[in-house]
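Using the hints provided, position chains B and C relative to the given structure of chain A.
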Amino acid sequence: MHHTIDVKELHYRYPDGTPALRGVSLYIAPGQKVALVGPNGSGKSTLILHLNGILRGEGEVCVCGKPIRDENVPAIRAQVGLVFQDPDDQLFSHRVFEDVAFGPVHLGMEESEVRRRVGQALAAVGMEGFEDRVPHHLSMGEKRRVAIATVLAMDPEILVLDEPTAGLDPRGRRELISLLQHLPQTMLVATHDMRMVAELFPRTIVIDEGQIVADGPTAELFGNEQLLAAHGLEI
Amino acid sequence: MHFDLTDAYRPRKSAIHRLDPRVKLVVALLYILTTVAMPDGEWEAFGLLQIVALAFAWRSNLGPFYAFRRAFIALPFILAALPIPFLMPGPTVWTMPVVGWGVSAPGLVRFLSILLRTWLAVQAGILLSATTRLPEILWALSVLRVPATLVSIIGFMYRYIFILADEAVRMLRARSARSPKATGPSRPSLLWQGRMAGMMVGSLFLRSLERSERVYEAMLSRGYAGQVRMLQAFHMGRGDWLALLMAGVLLAVPVGLMLIR
Amino acid sequence: MHLSGTPLHIPDGFLSPVVSIIGWAIALAIIVIALRQTRLQLGERQVPLMGVLAAFIFAAQAINFPIAAGTSGHLLGGALAAIVMGPWAATLIMTAVIAMQGLLFQDGGLLAMGWNILNMGVFTAFAGYAGYASLRRLIGEGPRSRLAAAFAGAWLSVMVGAIATAFELALSGTSPLRAALPAMAGVHALIGLGEGIITTGAVGLLEVTRPEVIRAGEEAPGRLGAAFTLGGLSLALVVAVLSPLASASPDGLEFVAERQGFLRSALEPPFKLLPDYTLPLVRNEVLTTILAVLLGTLVVFALAWLMGRGAVRREHARES
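Chains as they are written, first to last, in the numbering used here: chain A, 1 to 235; chain B, 1 to 261; chain C, 1 to 320.
I should point out that these hints are in silico values taken from the structure, not numbers from a laboratory.
Among the clues, some could well be false.
[Unchecked claim] Chain B residues, not near chain C, derived (Cβ > 12 Å throughout):
#	residue
1	Trp43
2	Ala55
3	Trp58
4	Met246
5	Ala252
[Stated by the list, open to error] Residues from chain B that face chain C, not an exhaustive set, calculated with beta carbons under 10 Å:
#	residue
6	His17
7	Leu134
8	Leu164
9	Met171
10	Leu204
11	Val215
12	Met219
13	Leu259
For every residue, glycine included, the Cβ atom is placed at its ideal position computed from N, Cα and C.
Just chain A, same shape as in the assembly (with noise of 0.2 Å):
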């Protein structure tokens, strides 16, 4: 029962120089559902893609209480699973099932073990019978859904979400709510929308500008008007 993140002095800059985190640090334990919040550019997605290896940066990362090397990224990758903000480029494959079995199959799995766990994740996400659907046709809200059971076929402990509800009608948006609310993984999801902050994430942090200026109790951090209009966050 070790699935964390500890992040100690994350520093990164951009090829062209710019830096884009600044010494951050945070520690998600496990079961925790967390919010990350913050402007655009400040450095969300940037943080995001060091958590799995995909980004090095100049500090610490361990996840699962292992820090990121080269050895141990194929088993990080399948413990930590990402997921991104546009499904159009996790969907990369011709069909549903294929999209789905792409993690499991690369982890070495055997038919039907990779037949078993593609019916599990897209049932997990409410998604059964959409092996044969082509991901051009479904809409926003099944893609996204689709996404998120690509990853979840690899069974990881920890889920890490870039914007899950950015382009869904209200629907849409509800069905994923429901489906964040009731996934048992420890959760980190960055995020502009506050309402499902305040609904899902008891703890919320708060970046800007490559910072981490408030990392606490969601509650607390709505009631700190100052704050909030500081960092262009809004209820």
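Just chains B and C now, with coordinates in the frame of chain A:
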């Protein structure tokens, strides 16, 4: 907003649709090879091949003339062969009025043969793509030893064509919204318009490049490390082997006819 | 149905089986080499990168600009792909585009695909890249010279593809060289201008927004290959001209030149736009056309060189 390039595939419940994609690919290629190898003037053979094509279309529940009608698209290229009836030596069968150009018999035979071969070959291609989903054709190609990396590249391309075509259409619409038809001296120059088109292409390129980087990150996050792995999808059944045999027999007939001559 | 912007996709039925198979053999060999080269160049990024860029080329071919009376200029894309990604990656990208067009839309045949890949993928990519690289070396550094070089490379790529197509048709006995070569070369000399303009526009945008992409393309593997290819193609052209192929072939290129004085009048209609397309002094029509094409190429290069040199001199003057 979907830009549908009207994928060529037509879903139907038919014996042909159910066939293994390898069979369909191989039969289509054999058909085209047979057609293209027929010498000039083998009218009976061409007729037989056309009947075979009609039969395949009918058996695919597409209607017998499905491919026959659509094969027109290959015709513009026939202009390349247009000089042949006029230039090939032989007895003149017709003289064009006004200009006095003569059409020779062998030239006409050759020209018509080229036309028929093309028409038939295109029908085979149409039937293949109408009865077999592209990913299945790609899988068949990979099994037939086309390099897996190339097949994957084509697969990715197929997946993202529609999205990028959507973006291109949106750009074109935005451009037409900003440029009412101007005439006279205020009309933008050809060079300017060309450069604008070029910048649209450049901007689409950047978006595509950035998208490919994000897709790569998504692949990495799910365990990708450069290997190309596909799940085995199809198994040859008795029906598949039978179909292959039948096709072989059918194609042997025109060849036999030609050899007898 | 989707139709490409340029008339270079050869359908099945226009190339003899022997010619088709030779084309496939050469194309496959080059594809295998290209796969190895791009694996070295791009590593594990190669599949998503080239796949999405192939989709880009396909979509970009739909972006047009009106020329006159309903016609419009389009992009073929081989030169642009080679300039930003290097010729080997461009080869694979264009191969994917051509495969898709042939398989899905019957734009180009299946047996003929080998030569289509060579014409529109390999020759365009390498000729475009060679033109671009060699001109840049001649003119010197600087954004203007890069644009001029891109223009020349793009124009050259289209010309090489078109001329190769004409020869393939002639070798199969489908279209007499005397008609095909001038027609193809003539039409594509114009289409090449459109290709040049669009390619230059795209490269210009990239120079400003993502210059590192342009730089990466210039350092991609394939410079030597591009030089060899262009040299090889020129040699093949010379050999073909001097060989009996130009006036007779196994199958039916035995065309009588003085057939009712027809040949001259047959060649005239496409060239009302280019009145001085044939040099008056030379007798053999094919030789004339080839010389005219070479001359045209030299003129375009010279213009691009002059444009680039002028720009470089102006920039130097500004800096000093």
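Could you check that no beta carbon of chain C comes within 12 Å of the beta carbon of Trp58 (chain B)?
At roughly 20 Å from the nearest Cβ of chain C, Trp58 (chain B) sits farther out than 12 Å, so the non-interface label holds.
Can we confirm that no CB of chain C comes within 12 Å of the CB of Met246 (chain B)?
holds, 21 Å
Residue hint His17 (chain B), partner chain C, criterion CB-CB below 10 Å
Violated - the Cβ of His17 (chain B) stays beyond 10 Å from chain C, reaching only about 17 Å at its closest.
With 10 Å as the cut and Cβ atoms as the points, is Leu259 (chain B) at the interface with chain C?
violated, 16 Å
Is the interface hint for Leu164 (chain B) satisfied, with its Cβ closer than 10 Å to some Cβ of chain C?
The hint holds - Leu164 (chain B) has a Cβ within 10 Å of chain C, the shortest such distance being about 4 Å.
Is the Cβ of Ala55 (chain B) farther than 12 Å from every Cβ of chain C?
holds, 20 Å
Regarding the hint that Val215 (chain B) lies at the interface with chain C, is the smallest CB-CB distance below 10 Å?
holds, 5 Å
Per-residue hint verdict: Met171 (chain B), partner chain C, C-beta under 10 Å:
holds, 7 Å
Determine whether the non-interface label on Ala252 (chain B) survives the test: each CB of chain C must be over 12 Å from its CB.
The claim holds: Ala252 (chain B) sits with its nearest Cβ about 17 Å from chain C, beyond 12 Å.
Looking at Trp43 (chain B) again, its CB stays over 12 Å from all of chain C?
holds, 15 Å
Less than 10 Å between beta-carbons is the criterion; does Leu134 (chain B) satisfy it with respect to chain C?
holds, 6 Å
With a cut-off of 10 Å, does the beta carbon of Leu204 (chain B) approach a beta carbon of chain C closely enough for the hint to hold?
At about 6 Å, which falls below the 10 Å cut-off, the nearest Cβ of chain C leaves the hint on Leu204 (chain B) intact, so it holds.
Comparing the model with each numbered hint stated earlier shows that hints 6 and 13 do not hold.
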